[in-house]
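Chains A and B are the protein sequences, given in the same order. The opening residue of the first sequence carries number 144 in this note's numbering; numbering runs sequentially from there. The opening residue of the second sequence carries number 2 in this note's numbering; numbering runs sequentially from there.
No lab work stands behind these hints, which were simulated from the structure alone. Incorrect hints may have been included.
As the list claims (entries may be wrong) - Some chain A residues near chain B, calculated using beta-carbon distances under 10 Å:
(1) Glu287
(2) Arg301
(3) Asn373
(4) Asp374
(5) Gly434
(6) Met491
(7) Val492
(8) Leu495
(9) Ala609
These numbers come from a predicted model, not from an experiment. A virtual CB, placed ideally from N, CA and C, is assigned to each residue, including glycine.
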Amino acid sequence: MPNGRPALPDGLVLVMKQECATCRLVEPLVARIAGEAGPLTVWVQDDPSFVGGATALHDSDLAVSWHNSIETVPTLMVVREGRETERTVGWSREDWRRITGIADLGGDLPPVRPGCGSMSVDPDLTDELRVRFTGDTLTARHVEFSSAEDEFEAMFARGWTDGLPVVPPTRERVLRMLSGTTRAPSDVVALCPPDLVELTVEKIAINAVMAGCLPEYMPWVIAALEAVCNDTFNMHGVLATTMPVGPVIICNGPGTRAIGMNSGINVLGQGNRANSTIGRAVQLTVRNVGGGRPGEVDRATHGNPGKVSFCFAEDELNSPFTPLAQWRGMKPGTDAVTVFAGEGPRGMVDQLARTPDELCQSLAASLLPMQHPKLVIGFDAILIISPDHGRIFREAGWDRDRVLTELTALTTRHGSGLVRGAGGIAEGIPPHLADAMLPKFRAGGLLITYAGGGAGLFSSMVAGWANGSVGSEPVTRAVAS
Amino acid sequence: MTGVNDRTAGNTVLDPTNESRPAVRTLLERPDSLEGLVVGLLDISKPRGNVFLDRIESRVTAMGATVLRYSKPTFTKPAPVDLRHEIATHCNVVIEALAD
């Protein structure tokens with residue numbers, strides 16, 4: 144009997160509370176049901192003395208209600224061989240007659256009355272009940288702060304934060320966070336770089352609490368961590384590099400709207416809880432569980448502000464393009480994250496282009512200097528098309544492939560101007576490539592997405608880190624419900 | 002850290018770390034001299050790292066050490082386990098060199 148789960152006796156089981164008017168309405172029926180419909184067990188959540196005609200048990204710790212997922216009282220259940228086979232909630236004369244087999248049961252009652260909320264789902268009680276009944280599923284070490292310590296200062300002092308305050312990860316909050324996923328707290332999601340520590344769902348939940356997440360963000364945080372903690376994305380290298388990159392998380396699918404992510408005004412900025420805290424939870428997890436701290440394995444020369452959190456949703460509903468995740472192989476409508484080792488975003492202004500050709504010329508000219516005007520192929524990039532720029536492509540009927548084809552042609556140059564020393568600039572490509580025609584980006588290396596507010600003839604760009612097997616590959620993963 | 006495994010209520014939180022970090026990490030004892038020791042030089046494969054290591058090799062050899070040279074496949078990733086094991090097996094001391 145794990146977590147003190149009470150066994151259900153065979154026969155009929157009725158859960159009630161005296162405070163509920165519907166329970167009081169059906170209370171006079173209890174004696175007849177007990178007498179004519181076989182064994183009946185009655186549990187009352189508050190005051191069992193209100194039930195006459197049968198011996199009512201007191202579900203004093205709400206264990207029966209919690210473990211049987213009672214959301215409404217009264218709930219009438221049929222139990223056979225210890226297992227529930229049927230239930231009805233509230234008062235339904237038809238259901239109660241069928242379940243009890245008493246053809247004229249409750250003839251003087253109205254046909255239907257809705258029930259009341261069960262005490263086991265009372266918002267004031269659920270956190271306490273969750274700790275009581277599921278608390279032993281947690282294994283993380285407990286840390287008690289002394290009474291003289293301010294808990295927020297104590298978490299700074301222990302090096303657990305990114306420089307901003309974090310929410311104290313109490314057992315109540317962590318268990319509430321875990322209610323956002325069906326995965327067990329002990330499930331190992333990945334080996335978390337750089338220390339390659341087994342990363343459990345419980346540790347993710349602790350860091351998600353600290354980041355300020357809601358439980359419904361958990362599947363997204365888990366998916367993003369699965370996406371970065373592998374050799375393909377190479378989170379270890381992304382940490383260790385001196386370049387200013389961190390994981391950029393692009394979210395796709397209807398779930399982005401269900402959890403209220405921002406894909407519109409100020410999409411890359413502050414102010415949206417899901418955008419801000421999902422990315423932050425990933426970073427805090429890598430810091431605290433993986434051990435990836437600035438000045439230790441994180442050797443970034445400058446870093447960038449997105450290393451606190453850089454996470455946003457694509458505006459799929461208005462996009463002229465297929466969703467990014469779909470372009471990268473996901474089925475349509477899939478909730479998914481795409482992670483990219485990227486820098487902070489830079490804006491790109493073109494308020495005069497009115498044709499897709501003009502706009503592509505402008506975008507290409509703005510993409511060429513990324514990382515360095517003379518360096519090509521070795522770095523990927525994200526291009527975030529705004530609604531005002533996207534409209535130009537939509538009205539012209541240009542899809543993603545057409546835009547990519549045009550941008551690739553416009554960013555392909557002869558190597559002679561790019562070799563080391565050309566133009567008086569020492570940086571550049573090796574001399575043996577001087578006669579080659581070279582695109583700025585490798586095939587698949589320019590990730591186009593669509594997001595932003597409805598006004599502004601601007602787009603935004605994010606430069607990447609070393610790509611391919613020597614650096615980081617973008618990774619797209621489905622979000623499990 | 003006080004109160005570990007204390008399940009009393011109050012300002013008690015769950016540890017967000019991997020719980021494996023020792024309070025103090027002690028360094029191995031440093032040799033007084035390199036004479037007679039085997040020194041591994043690990044090139045992390047950044048440009049011109051070899052120039053630096055060539056100079057280190059001549060200096061360390063002059064101090065009486067035997068030098069073994071190694072290199073990582075790429076500077077962007079940790080050294081493979083096999084390489085780390087080989088260095089640990091054959092060398093008394095290792096110098097890992099940067100570049101740029």
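Is the shortest C-beta separation between Arg301 (chain A) and chain B less than 10 Å?
holds, 8 Å
Interface restraint verdict for Val492 (chain A) against chain B (beta-carbon cut-off 10 Å):
violated, 34 Å
Can you verify the interface hint for Ala609 (chain A): is its Cβ closer than 10 Å to any Cβ in chain B?
holds, 6 Å
Using 10 Å as the Cβ threshold, decide whether Asn373 (chain A) counts as touching chain B.
violated, 12 Å
So, Met491 (chain A) near chain B? Judge it on the closest CB pair being under 10 Å.
violated, 28 Å
Given Glu287 (chain A) was flagged as interface, is its beta-carbon under 10 Å from a beta-carbon of chain B?
Constraint on Glu287 (chain A) satisfied, holds at 3 Å.
Status of the Leu495 (chain A) interface restraint (C-beta, 10 Å, chain B)
violated, 41 Å
For the hint on Gly434 (chain A), does the least C-beta distance to chain B fall short of 10 Å?
Holds, about 7 Å.
Should the hint that Asp374 (chain A) touches chain B count as held when the rule is a Cβ pair under 10 Å?
Nearest chain B Cβ about 8 Å off; hint holds.
Against the hints set out earlier in the document, violations occur for numbers 3, 6, 7, 8.
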